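Chain residues, written in single-letter form:
4 protein chains.
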Amino acid sequence: MSLDVAILGGAGLVGQVFIKMLDAHPTFRVKVVTGSRSAGKIYGRHVEWKIWGDMPEYVRGMEVAPTEYRYLKDVDLIFSALPSEEAKKIESYLVSRGMRVITNASTHRLDPDVPLIVPEVNASHLEAVIERYQDGFIVANPNCSTIILSLFLKPIYDEYGLDEVHVVTMQAVSGAGYPGNPSMEVMGNILPFIPREEEKLERETLKIFGEYKDGVFTNAVFRVKAQANRVPVIYGHTESILLRTSKEVEDLEELKKILLGFHGPPQEMGLHSAPGNPIHVVDGPRPQPRFDAFREKGMAVSVGRLKVYGDGWISAVIHGNNLVRGAAGGTILIAEYLTKALG
Amino acid sequence: MSLDVAILGGAGLVGQVFIKMLDAHPTFRVKVVTGSRSAGKIYGRHVEWKIWGDMPEYVRGMEVAPTEYRYLKDVDLIFSALPSEEAKKIESYLVSRGMRVITNASTHRLDPDVPLIVPEVNASHLEAVIERYQDGFIVANPNCSTIILSLFLKPIYDEYGLDEVHVVTMQAVSGAGYPGNPSMEVMGNILPFIPREEEKLERETLKIFGEYKDGVFTNAVFRVKAQANRVPVIYGHTESILLRTSKEVEDLEELKKILLGFHGPPQEMGLHSAPGNPIHVVDGPRPQPRFDAFREKGMAVSVGRLKVYGDGWISAVIHGNNLVRGAAGGTILIAEYLTKALG
Amino acid sequence: MSLDVAILGGAGLVGQVFIKMLDAHPTFRVKVVTGSRSAGKIYGRHVEWKIWGDMPEYVRGMEVAPTEYRYLKDVDLIFSALPSEEAKKIESYLVSRGMRVITNASTHRLDPDVPLIVPEVNASHLEAVIERYQDGFIVANPNCSTIILSLFLKPIYDEYGLDEVHVVTMQAVSGAGYPGNPSMEVMGNILPFIPREEEKLERETLKIFGEYKDGVFTNAVFRVKAQANRVPVIYGHTESILLRTSKEVEDLEELKKILLGFHGPPQEMGLHSAPGNPIHVVDGPRPQPRFDAFREKGMAVSVGRLKVYGDGWISAVIHGNNLVRGAAGGTILIAEYLTKALG
Amino acid sequence: MSLDVAILGGAGLVGQVFIKMLDAHPTFRVKVVTGSRSAGKIYGRHVEWKIWGDMPEYVRGMEVAPTEYRYLKDVDLIFSALPSEEAKKIESYLVSRGMRVITNASTHRLDPDVPLIVPEVNASHLEAVIERYQDGFIVANPNCSTIILSLFLKPIYDEYGLDEVHVVTMQAVSGAGYPGNPSMEVMGNILPFIPREEEKLERETLKIFGEYKDGVFTNAVFRVKAQANRVPVIYGHTESILLRTSKEVEDLEELKKILLGFHGPPQEMGLHSAPGNPIHVVDGPRPQPRFDAFREKGMAVSVGRLKVYGDGWISAVIHGNNLVRGAAGGTILIAEYLTKALG
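Residue numbers (my numbering), protein chains in the order written: chain Z, 1 to 343; chain B, 1 to 343; chain D, 1 to 343; chain R, 1 to 343.
One thing to keep in mind: the hints can contain errors.
[Claimed, not checked] Heads up, simulated DMTMM-like pairs for lysine to aspartate or glutamate below, C-alpha to C-alpha not over 20 Å straight-line:
(1) D/Lys307 x R/Glu199
(2) D/Lys297 x B/Asp54
(3) B/Lys297 x D/Glu57
(4) R/Lys20 x Z/Glu296
(5) D/Lys297 x B/Glu57
(6) D/Lys307 x R/Glu164
(7) R/Lys307 x D/Glu164
(8) R/Lys73 x R/Asp4
(9) R/Lys213 x R/Glu127
(10) B/Lys307 x Z/Glu164
(11) B/Lys20 x D/Glu296
(12) Z/Lys307 x B/Glu164
(13) B/Lys297 x D/Asp54
(14) Z/Lys297 x R/Asp54
(15) B/Lys20 x B/Glu48
(16) D/Lys73 x D/Asp135
(17) R/Lys20 x R/Glu63
(18) D/Lys307 x R/Glu202
(19) R/Lys307 x D/Glu199
(20) D/Lys20 x B/Glu296
(21) B/Lys307 x Z/Glu199
(22) R/Lys297 x Z/Glu57
(23) Z/Lys31 x Z/Asp4
(24) Z/Lys307 x B/Glu199
(25) B/Lys256 x B/Asp311
(26) B/Lys307 x Z/Glu202
(27) Z/Lys297 x R/Glu57
(28) R/Lys307 x D/Glu202
(29) Z/Lys20 x R/Glu296
(30) B/Lys340 x B/Asp135
(31) R/Lys297 x Z/Asp54
(32) Z/Lys307 x B/Glu202
[As the list claims (entries may be wrong)] A few chain R residues that face chain D, going by a derived Cβ cut-off under 8 Å, partial list only:
(33) His166
(34) Asn189
(35) Pro192
(36) Val233
(37) Leu242
(38) Ser315
Calculated from the structure, these hints are not laboratory results.
Note that this is a predicted model, so its numbers are computed, not measured.
We put the beta carbon where it would ideally sit given N, CA and C, even for glycine.
Let the hints inform the model, and build the full structure from the sequences given.
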């Protein structure tokens with residue numbers, strides 16, 4: 001099967017990762033790329049390429065369309081990399097016209113009818129949209145730091161239960177989009193605040209780990225407390241985690257085995273963008289952005305510095321690629337799951 | 001009163017801060033500077049100045065002495081900036097010869113007869129050495145991150161009590177001494193591990209907040225869990241804190257007032273190196289190394305991002321100068337207290 | 001004597017350095033600070049302080065005025081830190097109303113009636129405005145890299161003459177103003193281009209070293225070729241210089257002596273902001289931004305790595321503070337000269 | 001044909017790039033890896049991987065040998081990544097035992113019987129060793145910055161002749177090996193000095209562009225003046241060039257065409273590691289380390305900011321990968337040429 005797709009906000013940083021990852025994709029063909037300032041211009045001439053590698057050939061000659069329904073009505077699926085204010089203006093309207101939107105924008109993540117999906121964690125929530133596939137829908141990709149955290153938490157949640165999760169993030173500047181943080185603000189410095197990031201971590205995680213039943217999403221009941229920092233790193237978010245499980249973790253080796261053995265539907269279904277192992281356990285003074293941000297092409301989360309405190313708490317440092325697993329890659333993986341699930 | 005002092009390890013990074021801070025000091029006159037590789041050489045010709053400002057005039061012509069008793073026996077007080085292995089070889093011996101050593105080395109911090117002092121927090125522990133002042137003794141300055149943490153915790157401990165403290169550090173490279181971390185290891189990267197740092201935070205804090213009674217130090221009973229990271233910052237350690245108090249903090253403004261009003265013996269006694277306010281409460285996306293590492297000449301701790309969770313936990317981001325308050329400055333402040341207390 | 005002054009564009013990066021340097025200035029009292037986005041707001045509440053140190057007390061309560069004549073008509077002297085497009089709109093008009101403008105903007109630097117001044121180099125060009133002091137005028141402060149270069153060239157030009165100057169700059173991000181370069185653009189990277197910078201170096205230098213006679217500025221006749229790079233440094237521009245003198249430099253020590261002995265009118269007149277020595281000759285792997293950007297409060301240029309090739313060419317690395325000597329400080333020094341010269 | 005090779009100094013930074021580039025190489029099979037501190041240990045367990053990507057499987061189980069003849073005598077070819085002092089001790093001895101050494105060390109580069117080779121520039125110099133192939137020999141890979149410069153100069157030299165070359169380098173920290181520059185020395189800073197680097201650029205270039213005739217290497221006669229800087233970049237050296245040709249360059253477009261059309265023996269012979277185009281001409285504010293260090297797997301040089309001054313001088317900014325084209329990759333390309341040339 002081959003589906004025609006559109007990328008909304010395709011000139012931005014996340015938009016460029018979509019363009020990169022959909023180059024020669026086995027299922028999705030990019031038919032439309034939209035933008036605001038770049039609308040009406042030729043992508044290859046107007047858009048400055050900001051991410052790793054070179055701009056794919058296929059997009060160079062494409063004319064950037066305005067983000068409007070009439071340019072989108074013929075595609076099968078829409079990937080949205082819009083800023084949240086712009087997403088607010090258009091995404092619901094597109095659904096009202098029967099379109100299928102898989103979005104990286106934060107706008108609708110906590111809407112009562114929008115599944116918030118990390119495919120290895122809660123693919124079953126997609127049932128909510130499969131029911132009304134023909135009518136159009138939004139599926140939301142969570143916040144970047146939340147996705148990385150959720151992948152790490154999932155096998156622990158299943159085995160031990162979760163009571164309290166404390167997370168301190170050290171996030172790369174590419175997470176702020178482009179231009180993002182001025183160089184004077186970040187070079188040789190730490191910014192101990194990222195607008196709305198802590199709330200996203202604290203709330204989205206609970207929806208992801210919650211239930212979908214009888215048309216209603218219910219939150220999970222553990223607590224998440226988050227502190228977010230911006231650090232002078234280009235790619236990859238690091239998170240220092242302290243968490244208390246419901247059932248005490250007694251053995252570090254057993255914990256490692258559970259993390260290493262973790263698989264979800266994307267692995268079982270052999271989805272194109274799925275990492276072979278969603279979680280890599282790394283030894284020594286790791287994970288580090290320089291070495292771990294692009295594990296499995298940026299789709300795997302690296303876990304290191306595991307400690308069992310013996311009083312119910314364990315700690316770890318985790319790392320993931322904010323632009324790939326945390327944004328475009330996670331969104332594409334949702335689409336791959338949905339497409340395969342629908343047959 | 002004027003005392004002659006020696007600086008052990010005066011060519012290193014912390015040694016240089018001692019030299020800087022003792023330039024024109026009202027009480028202490030530097031008579032001896034020791035070193036290993038630089039022994040026998042003229043300080044101003046041989047030692048490369050690695051910290052802010054220029055090398056003080058007074059030290060330029062001094063010949064660096066080997067770190068041996070015979071070069072030290074005539075001074076009144078010894079400041080040690082030795083690496084821990086070298087401290088192990090010499091500090092106890094100096095005491096056995098009746099000398100007074102105030103050390104930044106980690107070697108003896110947990111020794112049963114060594115007070116581990118942050119003057120605003122537990123100056124009363126110095127009673128242990130005042131009793132045997134003429135016989136010689138060691139007083140230890142705690143780990144840099146621990147000092148910064150302890151200053152922040154003190155007013156909270158006194159008002160609310162402490163139950164559990166979670167701290168994630170983001171530490172400057174100057175904390176690793178010189179040469180310290182290779183540039184390839186740190187630039188654009190995060191190192192999620194600093195050897196022995198987490199243990200220091202977890203143990204030293206409890207000794208500092210413990211009691212000294214009948215010749216015995218007893219640890220405080222709350223719990224500290226620490227995760228230490230090295231970040232590409234030159235000066236200043238940042239710490240993300242989540243803590244649970246014994247008595248719940250109900251009001252953020254009250255908490256701020258308590259932090260702002262905090263004073264200890266150094267302020268009351270008007271010690272030369274004491275900051276006017278040991279704790280600065282900062283608003284907005286602060287504290288930040290660029291703006292806050294040198295508050296009150298590096299002797300004050302900055303506290304920001306205060307949050308009250310309502311379930312017993314509160315969070316904050318704190319920042320302090322690792323080389324000043326966390327090393328040379330803290331050590332000098334101990335000496336100033338001791339000198340004044342002894343009259 | 002005391003003069004009332006205004007700072008145009010006082011919320012920007014250079015504007016903040018003006019505000020800092022005019023705190024407690026012996027001659028100039030800041031009466032008006034203007035801005036565009038901040039107009040009508042209280043400086044201390046609205047403007048984020050972006051440079052070293054703290055915001056001076058005197059400016060905190062001031063209301064930012066719009067950059068219009070009616071708010072400026074009562075001051076004696078105007079310092080302009082406006083962006084060049086805004087300078088174009090207002091500076092000439094102010095002169096037409098009889099005002100005296102000393103500007104850091106590039107707009108009028110090459111105008112036939114505007115002196116372009118580095119006080120140690122060509123203070124005599126100010127004769128052009130002293131003649132018409134009561135009528136109002138513009139005096140321009142040169143481009144930051146050009147000022148640093150000119151100070152280094154002056155004693156060489158006087159002693160040996162200049163034939164050809166090749167300069168490669170490595171410029172700090174603060175030179176681009178705020179927000180300036182996005183962090184993703186500069187961190188761990190080199191940008192080999194700064195818009196219009198090379199032309200400024202190539203042209204302005206010749207006007208500065210030219211003559212003013214019979215009301216006409218004539219360019220000097222040597223050649224300058226410039227290549228400008230942006231580097232991940234916060235404060236301080238470094239320049240690698242290769243130059244060919246008219247009369248061959250034969251002796252390195254003589255060259256050093258000439259550089260060290262260099263003084264100009266600001267030193268002779270004892271101007272408040274004048275560095276004791278405009279040129280510092282530094283040994284070893286120097287100058288470096290970390291150590292040399294703030295020599296003599298940022299007003300001196302550091303020169304190192306001097307080499308005499310023996311075929312007419314010599315090379316050097318020079319460094320200066322782009323925001324102080326290269327912008328606000330240079331501009332204030334011009335005003336100090338003018339004020340003193342007028343008695 | 002398949003040859004057994006050894007890598008001397010295989011645990012260092014350049015050694016690791018050799019190991020990476022020889023993974024699955026069509027001609028060379030790594031049989032021996034030597035080291036000093038790691039001798040006797042298993043590579044995969046003892047050596048920390050410091051460069052991009054993961055440690056190749058083939059080397060993980062290998063035992064590191066001491067750098068001694070008896071461990072090397074059975075291989076066909078030796079690649080040396082030794083530090084220069086160690087190279088001095090062993091390389092000549094290996095030749096005396098009839099071995100073939102292709103070295104990245106600087107020790108023998110200017111020896112009268114050692115060809116100093118950039119295959120696209122002066123492969124013909126290899127005649128010197130082909131004559132005595134069976135007796136053993138050293139061929140030297142030039143200094144990293146020199147290789148990058150030489151590739152750029154070659155087509156210009158052939159078309160216009162060269163008179164004077166001025167080069168200012170901005171070199172990545174990986175060029176200093178590991179641990180190399182301490183982070184405090186380089187972060188947010190520029191070091192305007194790299195030991196012996198300027199002399200290497202000034203001398204090696206002339207040997208490369210010289211002649212080999214009747215057993216004697218004669219230098220080219222143009223002049224090179226170099227200023228070397230270390231900058232906070234991980235991979236890739238940038239060089240600002242100003243040069244005067246013998247025959248004036250009149251047309252920028254013609255110059256670009258000549259650079260773009262440049263090919264040498266490695267391209268004609270289709271050597272495995274040869275870049276398709278040794279020179280890439282890039283537009284806009286380029287080349288930049290972030291985008292250009294890995295062009296053609298790090299084997300191509302990027303050239304941008306070309307300017308024709310009209311008085312005989314032209315300028316450009318060039319960039320190349322110091323570890324690949326400037327070290328291991330250049331050395332391997334020499335070996336590939338030699339192997340093919342010998343049939």
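Against the structure, the hints:
With a C-alpha separation of about 12 Å, the suggested pair lysine 307 of chain D and glutamate 199 of chain R falls inside the 20 Å cut-off, and the hint holds. Proposed proximity of lysine 297 of chain D and aspartate 54 of chain B is supported: the alpha carbons are some 13 Å apart, at most 20 Å. Between lysine 297 of chain B and glutamate 57 of chain D, the direct Cα distance comes to roughly 19 Å. Compliance with the 20 Å bound is thereby established for this hinted pair. Restraint check for lysine 20 of chain R and glutamate 296 of chain Z: the C-alpha separation of about 18 Å stays at or below 20 Å, so the hint holds.
Restraint check for lysine 297 of chain D and glutamate 57 of chain B: satisfied, since their Cα atoms lie roughly 19 Å apart, inside the 20 Å limit. Taken as a hint, the lysine 307 of chain D and glutamate 164 of chain R pair is honoured in the structure, with Cα atoms around 17 Å apart against an allowance of 20 Å. Between lysine 307 of chain R and glutamate 164 of chain D the alpha-carbon distance is near 17 Å, which keeps this suggested pair within the 20 Å criterion. For the proposed pair lysine 73 of chain R and aspartate 4 of chain R, the alpha carbon gap of about 11 Å is at most 20 Å, so the pair holds.
As the CA atoms of lysine 213 of chain R and glutamate 127 of chain R are separated by approximately 10 Å, the hinted pair is consistent with the 20 Å bound. For the proposed pair lysine 307 of chain B and glutamate 164 of chain Z, the alpha carbon gap of about 17 Å is at most 20 Å, so the pair holds. In summary, the hint linking lysine 20 of chain B to glutamate 296 of chain D is supported, as the alpha carbons are separated by about 18 Å, within the 20 Å threshold. Taking the CA atoms of lysine 307 of chain Z and glutamate 164 of chain B, the gap is about 17 Å. The hint holds against a cut of 20 Å.
Our distance criterion of 20 Å between C-alpha atoms is met by lysine 297 of chain B and aspartate 54 of chain D, whose separation comes to about 13 Å. A C-alpha spacing of about 13 Å is found between lysine 297 of chain Z and aspartate 54 of chain R, which places the hinted pair at or below 20 Å, so the restraint holds. In summary, the hint linking lysine 20 of chain B to glutamate 48 of chain B is supported, as the alpha carbons are separated by about 14 Å, within the 20 Å threshold. Distance check on the hinted pair: lysine 73 of chain D and aspartate 135 of chain D sit about 13 Å apart at the alpha-carbon level, within 20 Å; holds.
Between lysine 20 of chain R and glutamate 63 of chain R the alpha-carbon distance is near 17 Å, which keeps this suggested pair within the 20 Å criterion. Of the supplied pair hints, the one linking lysine 307 of chain D and glutamate 202 of chain R holds, its CA atoms being roughly 14 Å apart against a limit of 20 Å. Between the alpha carbons of lysine 307 of chain R and glutamate 199 of chain D the distance comes to roughly 12 Å, so the proposed pair stays at or under 20 Å and holds. A C-alpha spacing of about 18 Å is found between lysine 20 of chain D and glutamate 296 of chain B, which places the hinted pair at or below 20 Å, so the restraint holds.
Proximity of lysine 307 of chain B to glutamate 199 of chain Z is assessed by CA-CA distance (about 12 Å); at most 20 Å being required, the pair is judged to hold. Straight-line distance between C-alpha atoms of lysine 297 of chain R and glutamate 57 of chain Z comes to about 19 Å, which keeps the hinted pair within the 20 Å bound. Under the criterion of a C-alpha separation no larger than 20 Å, the hint pairing lysine 31 of chain Z with aspartate 4 of chain Z is consistent with the structure, at around 6 Å. This hinted pair checks out: lysine 307 of chain Z and glutamate 199 of chain B have alpha carbons roughly 12 Å apart, not beyond 20 Å.
Distance check on the hinted pair: lysine 256 of chain B and aspartate 311 of chain B sit about 18 Å apart at the alpha-carbon level, within 20 Å; holds. With a C-alpha separation of about 14 Å, the suggested pair lysine 307 of chain B and glutamate 202 of chain Z falls inside the 20 Å cut-off, and the hint holds. Of the pairs offered as hints, the one joining lysine 297 of chain Z and glutamate 57 of chain R holds, with about 19 Å between alpha carbons and a cut-off of 20 Å not exceeded. For a cut-off of 20 Å, the pair hint linking lysine 307 of chain R to glutamate 202 of chain D stands: about 14 Å separates their Cα positions.
Annotation: proposed proximity of lysine 20 of chain Z to glutamate 296 of chain R holds, straight-line Cα distance about 18 Å (limit 20 Å). The suggested pairing of lysine 340 of chain B with aspartate 135 of chain B holds, with an alpha-carbon distance near 19 Å, which does not exceed 20 Å. As the CA atoms of lysine 297 of chain R and aspartate 54 of chain Z are separated by approximately 13 Å, the hinted pair is consistent with the 20 Å bound. The straight-line distance between the Cα atoms of lysine 307 of chain Z and glutamate 202 of chain B is roughly 14 Å, inside the 20 Å bound, and the hint therefore holds.
The criterion of a C-beta within 8 Å of any C-beta in chain D is met by histidine 166 of chain R, whose closest approach is roughly 5 Å, and the hint holds. Taken as an interface hint, asparagine 189 of chain R checks out: its beta carbon lies about 5 Å from the nearest beta carbon of chain D, inside 8 Å. Taking 8 Å as the C-beta cut-off, the interface hint given for proline 192 of chain R holds, the closest approach to chain D being about 4 Å. Contact between valine 233 of chain R and chain D, as hinted, is supported at the beta carbon level, the nearest pair being about 6 Å apart and thus within 8 Å.
Hint on leucine 242 of chain R holds. Least Cβ distance to chain D is approximately 5 Å, under the 8 Å limit. Residue-level restraint check for serine 315 of chain R holds (minimum Cβ-Cβ distance to chain D is 6 Å; threshold 8 Å).
This entry satisfies every hint, going by the numbered hints stated previously.
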